[in-house]
Amino acid sequence: MKAVSRFAVMLLALALAAPLRADSRDDLAAFRRVDHFHLPNGLEVVLYEDHRAPFVAINIWYHTGYRDDPPGRAGMAHLFEHLMFEGSAHVAGGHKSWLFRVRAFAANATTSLDRTRYFETVPAANLEAALWLESDRMGFLLDGLDDRALERAREAVRHEREEKVDSRAYGAASERFLMLSYPAGHAYGRPPNGSDRELDAVTLDDVRSFHKTWYVPANATISLAGDFSTAQAKQLVRHYFETLPTRARPARPQVSVAPPSSETVIHEREQLGNLTLVWMSWHTPGFFAPGDAAGDAVADLLTGGPSSRLGRLLDQRDRLTYTTRARQASHYGTSEFNILMVLQPGVDPQRAIAGVDAELADLAEKGPTPDELAIALASRKLHLVRGLDGVAGLARIADVVQTYADGMGDPSGVLRDRSRYEAITVDDVSTFVRRYLDPHKRVVVIDDPVTPARPTDVPVLPEEPSDK
Amino acid sequence: MSRRAALILSLLAGCAEAPIPLPVPKLKPGQPTPVVSHAWRAVTPPIHSEWPPLTPMPIREGHLSNGMTVYLIECPDAATVRASVLSRAGSALDPLDKPGVSQLTWATMLGGAGGLDEPELWKEFRRLGAVPATENERTGIQIGVTVEPANVRRAVELLATVVTKPDFRPATLDRMRNRFENELLLEEKRPNFIADGVLDPLLAGPQHWLARPVRGTHASLVAATVNDLRTFQRRWIAPDTTALVLAGRISEAEAGKIAEDVFGSWSGSAQRLPPSAPLRPVSVGPPALSPRKGVAQAFIAMGRLTARTGDPDLPAFDVVTTMLPRLFYEELRERLKLTYGLHVKTFADVELGLFLAYTTVRGDAIGRTLEATADCLRRLRRKFEEKSPRLQQYLALVKESVVQNMWLRYDGVDGAVLAAKLMFLQRLPLDWAVQYEQRLKAVTPDDINRVIDRYLDPKDLHVVIVADPGILSTLSLDWPPASLPFH
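Heads up: the sequence lines are chains D and F, in that order. Under the numbering used here, the residue at position 224 of the first sequence is numbered 224, and the numbers go up by one with no gaps. Under the numbering used here, the residue at position 471 of the second sequence is numbered 471, and the numbers go up by one with no gaps.
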């Protein structure tokens, strides 16, 4: 890193000389070169060769999440995520120490409704060693597993739950929201972190059965992004994964759900937060299904900053809310459209809900203005291309190709995703609101604090004489 | 072009982007898997211990004729440009009796400028696809947006409007005050916020900026006036305390032209930055206990003052604090199962350095957690007394990882902006990271022992515990530990 002393001098000279560049480069073009294939045992492989830096991002998705928790074993998918770091047949001493040895960084795992993902970035020279590690826990985790490992993982999940759910304001409520928006027994209505009772009930046999069902090559996708030759990476992936024992990809529980036939209002008692939180939820089309992108646009129109509809009216003009957030929470099969509001102290939740309903009615009837829609969509377009640079960009790319391989069956799907947003019209928005955001067919949860904050004593000050 | 030709072309274009169906192997349920020996897997593939070189993005620095600093990080591979304004006018400059004025000033500036009210201003940013992000720190602030290269000029114009033409309408201040008031209501119930509020004055003394609430207090928010905000802006926000950072797909030529066009005519200079109140750390005593009804786990915060930027101890201290999380993780989480995680945070500024450690534990594990933490530090100290070749090897590995982490942190567009921010706020030279790398590589086991003795003796760590009153009432803790064989 060196200072360029002439830069200061050049600033002024260049200020007079520089033409503006017409820039029409396709920033996603590299996604066209993605290599995509399946091994005979069903493992899906995506390779994105990129020589920007001597590193490779590795990303493995197992197509199972807490929607697949067995009955009476809520939290199993999350528990399993922890078990995957406990070591396997040929990797003694736990995977974490091996990740350290192969110089892995940005290494972790996450569990969501639909999938569990494991990821790390390693120096390119250690790609082979990292694939050895990943293949071993995919194929031979059970051989290294014992009661002590299960107990360690169970205790880690319990602690995580106590820290992130039970000790945080609105932590318990956030977990309940999702459960309340689905009918009892629905696969999406399970508590992600489980309960102590159900976690305690998990046995090694449960773990073995879960692994044999869900952690099989045919139910996984591996993506690599970074500094390798595609031919070399193919060879390595084949070497380490092709002979792994497998079974057919398991059938997953149905997730389609009929919208509620009426509005359900549920009152919860918030133990730790001191402002009322209102959460509204509707069932909407699944990831990449027609209408999913329009849902994103509606979310941006409603709460995309202070210029958005709810930001302008509820946060600023009427001061009913401290903050509002809308989101099309996309899952496979079905999604939810959620609006979350943190109310100002002393505000009647019904006033805020009425404010939302008025805006939804307006969008349903008139739709947004073309300018409003263009503004809402601008950030979506930018979102597709940002964050792809640098070494961290490799990890993002490895995740992006997974998303599209899973959702569209095409790891290069990001190329078509742009047009999904560009095609949204004013009519699409109003149709989405009319069809899916019916105020009579939703779940509303009002999370009232046990100890509410007092209405603010902040006075509205008179105008001061300006000394501008 | 005929309609037929257009149709064919569009079909072809569609073909080019449509996914090609892949032959997915069909596996029948229950199909037997061929028996294959996997004994070969017991042989570990070669592992390369050396880190590959990571070339940092060159940062260039220039100055406009009005004294404003401009940083350029040219990254032709990036698809976007990050435009940021940095200012040294952070909350450390809040008047003693008016905490929170800095944040309120910046929020009000972003809430209305150049005749545009907040929704209008945000609409202009959003039109570019940008969402302005503000990072308020005690020693400075950053407002930044990410945009496509074609929109950089407009983005910089909007940032300049915020910085140079704030309207300071009373109604905007009133709205921001209300927003901050609600934020405080939410924050003041969070265990980490409560702990920091107790810990910071213990570390630096009540008068120092570290101890003053960045967001202000309910009383100071009520008392703040438009004139306070205007005064703050006039005193501290000027070309000589401000920098523009342009990072991403932008050329030196474009950056120069935009910077000069947009900010070149901004005039004025800030008042001379005043010296901070002296650091007056309080003597370590028993843990400070703060009740928070209803939380399931107790929140423990520990901390003390450490090496500042420029202090010769800083590289060795960075090496030690890189080892600690792993040590804590193995001991407190994996072996003793006391906690889900213990987080170590360090901060070094030209005025002060900080060591902070946070964890959440069950009520009955508080005492054991404190003991185990002290024990970890003691063992680390003993480990470095050995001076064995194995230890030298371990130290070399850790140093290499600190260096690599530093370059990874400053890699990419966002990382480079972070580096520029550090350079501007701490007045570091452009090659500081290269110099720092050399200092890190020179750290010896003796240096490690020295900094552990100097900064990580448990008896010098302040401890704050936030927990349910029921748990606190039964606590009996032996802290600070009296006689550790440290020296």
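Calculated directly from the structure, the hints in this document are not laboratory data. Computed from a predicted structure; not experimentally measured. Cβ atoms here follow ideal geometry from the backbone N, Cα and C, with glycine treated the same way. The reader is advised that the hints may include incorrect statements.
Think about it this way: if two alpha-carbon atoms lie no more than 25 Å apart in a straight line, the pair counts; the simulated BS3-like pairs of lysine-lysine are [what the hints assert, rightly or not]:
#	chain 1	residue 1	chain 2	residue 2
1	F	K441	F	K337
2	F	K383	F	K441
3	F	K345	D	K164
4	F	K123	D	K381
5	D	K96	F	K165
6	F	K459	F	K383
7	F	K293	D	K366
8	F	K337	D	K164
9	D	K96	F	K399
10	F	K383	D	K96
11	D	K164	F	K293
12	D	K96	F	K123
The following residues of chain D were derived to be distant from chain F, with all beta-carbon distances above 12 Å [claimed, not checked]:
#	residue
13	A172
14	M179
15	E198
16	K366
Counterexamples of contact, computed for chain D against chain F with all Cβ distances above 12 Å [what the hints assert, rightly or not]:
#	residue
17	Y170
18	P253
19	E268
20	P290
21	G304
22	A361
23	T425
24	D428
25	S430
26	P439
27	P452
Regarding the pair K441(F) and K337(F), is the alpha-carbon distance no greater than 25 Å?
-> violated (35 Å)
Closest CB of chain F to the CB of G304(D) still more than 12 Å away | violated (6 Å)
Holds or violated: K96(D) to K123(F), with C-alpha atoms at most 25 Å apart | violated (46 Å)
P452(D) remote from chain F - nearest C-beta pair above 12 Å | violated (10 Å)
Are all beta-carbon distances from P253(D) to chain F longer than 12 Å?
-> The claim stands: P253(D) keeps its Cβ more than 12 Å from every Cβ of chain F (closest is about 17 Å).
Verdict on P290(D) as a residue remote from chain F, using beta-carbon distances over 12 Å | holds (17 Å)
Once the closest CB in chain F is found, is it more than 12 Å from A172(D)?
-> At roughly 9 Å from the nearest Cβ of chain F, A172(D) sits no farther out than 12 Å, so the non-interface label is violated.
Hey, K123(F) versus K381(D), does the alpha-carbon distance stay inside 25 Å?
-> holds (16 Å)
Claimed clearance of chain F by P439(D), with the beta carbon kept past 12 Å = Its Cβ never comes within 12 Å of chain F, the nearest being 25 Å, so this holds.
Hinted pair K96(D) and K165(F), Cα distance within 25 Å | violated (52 Å)
Measure nothing beyond the straight line between the CA atoms of K459(F) and K383(F); if it is 25 Å or shorter, mark the hint as holding.
-> Satisfied, since the Cα-Cα distance of roughly 19 Å is no more than 25 Å.
Is the Cα-Cα distance between K337(F) and K164(D) 25 Å or less?
-> With Cα atoms ~17 Å apart, K337(F) and K164(D) stay inside 25 Å; holds.
Consistency with the previously given hints fails for numbers 1, 5, 7, 12, 13, 17, 21 and 27, ordered from lowest to highest.
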